[in-house]
Amino acid sequence: MKILSEVKLTFSAESRNESFARSVVSAFAARLDPSVSEIGEIKTAVSEAVTNCIVHAYRGNKEKGRIELVLREQENGVLYIKIKDRGCGIADVKKAMEPLYTSCPEEERAGLGFAVMESFMDKVTVKSAPQKGTAVIMTRKILSDNSAADT
Amino acid sequence: MPVVIETEENTVIARLSGEIDHHSAKELRSDIDLAIDRHRPEKLILDFDGVTFMDSSGIGLVMGRYKAVKLCGGCVIIENTGSQIKKVMRLAGLDRLAVIK
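Keeping their order, the protein sequence lines are chains A and B.
Mapping the first sequence onto the numbering used here, position 75 (from 1) lands on 75, and the numbers just tick up by one.
Mapping the second sequence onto the numbering used here, position 23 (from 1) lands on 23, and the numbers just tick up by one.
Bound-form chain A, shown alone:
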């Protein structure tokens, strides 16, 4: 897939940066002229992925970990988003992606992060290795006819 433009940034894994990540993605996605509903769904998916890194990836670490965000505008109006950490990784990705599964129910995590990402994005790929980290890659095609998509 041809890449038309790309942005890459890293930020510390702290909850204040959740809204920052959403704002960056929404500013980048604006060039694809998304509808209000498309941008809302994309922001929600990004929020879930970034929150997972903050809540799970660096749990118990003394130093604050880092999160890498890669955004690409691809051909045919496709938005590519990669959110990657170098944290604890996920031993069983399939289980982690099951709706309502959470490793920390006491913190009121609903266990819906991946379900939200899968329902709001066209494609979600998770690559993870224990002790190495996790990368979530999501794509979404922005429809050009947004007068129809907003209804």
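Hints were generated in silico from the structure; no laboratory data involved.
Any given hint could turn out to be false.
[As the list claims (entries may be wrong)] Away from chain B, derived, C-beta distances all over 10 Å, residues of chain A: (1) 3; (2) 12; (3) 15; (4) 33; (5) 43; (6) 59; (7) 76; (8) 91; (9) 95; (10) 96; (11) 107; (12) 109; (13) 113; (14) 137; (15) 141; (16) 143.
[Unchecked claim] Restricting the straight-line Cα-Cα distance to at most 30 Å, the calculated cross-link-like pairs of lysine-lysine (BS3-like) are: (17) A:95 / B:43; (18) B:26 / A:95; (19) A:84 / B:86; (20) A:62 / B:43; (21) A:123 / A:2; (22) B:87 / A:94; (23) B:86 / A:123; (24) B:67 / A:94; (25) B:87 / A:123; (26) B:87 / A:82; (27) B:26 / A:84; (28) B:86 / A:82; (29) B:101 / A:94; (30) A:82 / B:26; (31) A:127 / B:87; (32) A:141 / B:87; (33) A:94 / A:8; (34) A:8 / A:82.
Source: prediction; values computed, not measured.
All residues carry an ideal CB built from backbone N, CA and C; glycine is no exception.
Go by the hints and put chain B onto chain A.
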């Protein structure tokens, strides 16, 4: 203020505003729980009118408060949700636990 609490008779109304994510949910949770503890309401109304964004952290927030209110025999009513928030709530099946208006 991310949440304004109003009480009348047996009802607690929590008017939420801003963005609800993992970062903001903690404060909202403790503010609403304080009101539930104090008033033991029959009805908890969560008003989402001022909420501009919500991810699944908001689901945890609603479910947790649902459990707390249910313990004292009350119910939860969710009001004024925009389309993005409604989508997340439906995905979670919240409409089975609370009335979503």
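Please confirm whether residue 33 (chain A) is truly not at the interface, meaning its C-beta sits more than 10 Å away from all C-beta atoms of chain B.
-> holds, 18 Å
Residue 109 (chain A) remote from chain B - nearest C-beta pair above 10 Å = violated, 6 Å
Are all beta-carbon distances from residue 96 (chain A) to chain B longer than 10 Å?
-> Nearest chain B Cβ is 14 Å from residue 96 (chain A), so the label holds.
Would the pair residue 8 (chain A) and residue 82 (chain A) pass a check requiring their Cα atoms to be no farther apart than 30 Å?
-> holds, 9 Å
Holds or violated: is the Cβ of residue 141 (chain A) farther than 10 Å from all Cβ atoms of chain B?
-> holds, 18 Å
Is the straight-line distance between the alpha-carbon of residue 26 (chain B) and that of residue 84 (chain A) 30 Å or less?
-> Judged against 30 Å, a Cα distance of about 25 Å means the pair holds.
Regarding the pair residue 84 (chain A) and residue 86 (chain B), is the alpha-carbon distance no greater than 30 Å?
-> holds, 28 Å
Would you say residue 137 (chain A) is clear of chain B, with no C-beta pair closer than or equal to 10 Å?
-> holds, 19 Å
Distance restraint between residue 101 (chain B) and residue 94 (chain A), which requires alpha-carbon spacing of 30 Å or less | Violated, at roughly 35 Å.
Regarding the pair residue 87 (chain B) and residue 94 (chain A), is the alpha-carbon distance no greater than 30 Å?
-> Answer holds: residue 87 (chain B) to residue 94 (chain A) is near 24 Å, not above 30 Å.
Are all beta-carbon distances from residue 107 (chain A) to chain B longer than 10 Å?
-> Contrary to the label, residue 107 (chain A) does not stay out of reach of chain B, its closest Cβ about 8 Å off (not over 10 Å).
Quickly compare the C-alpha distance for residue 26 (chain B) and residue 95 (chain A) to 30 Å and report which way the hint goes.
-> holds, 26 Å
When the structure is compared with the earlier hints, violations turn up for hints 3, 5, 11, 12, 13, 17, 20, 29 and for no others.
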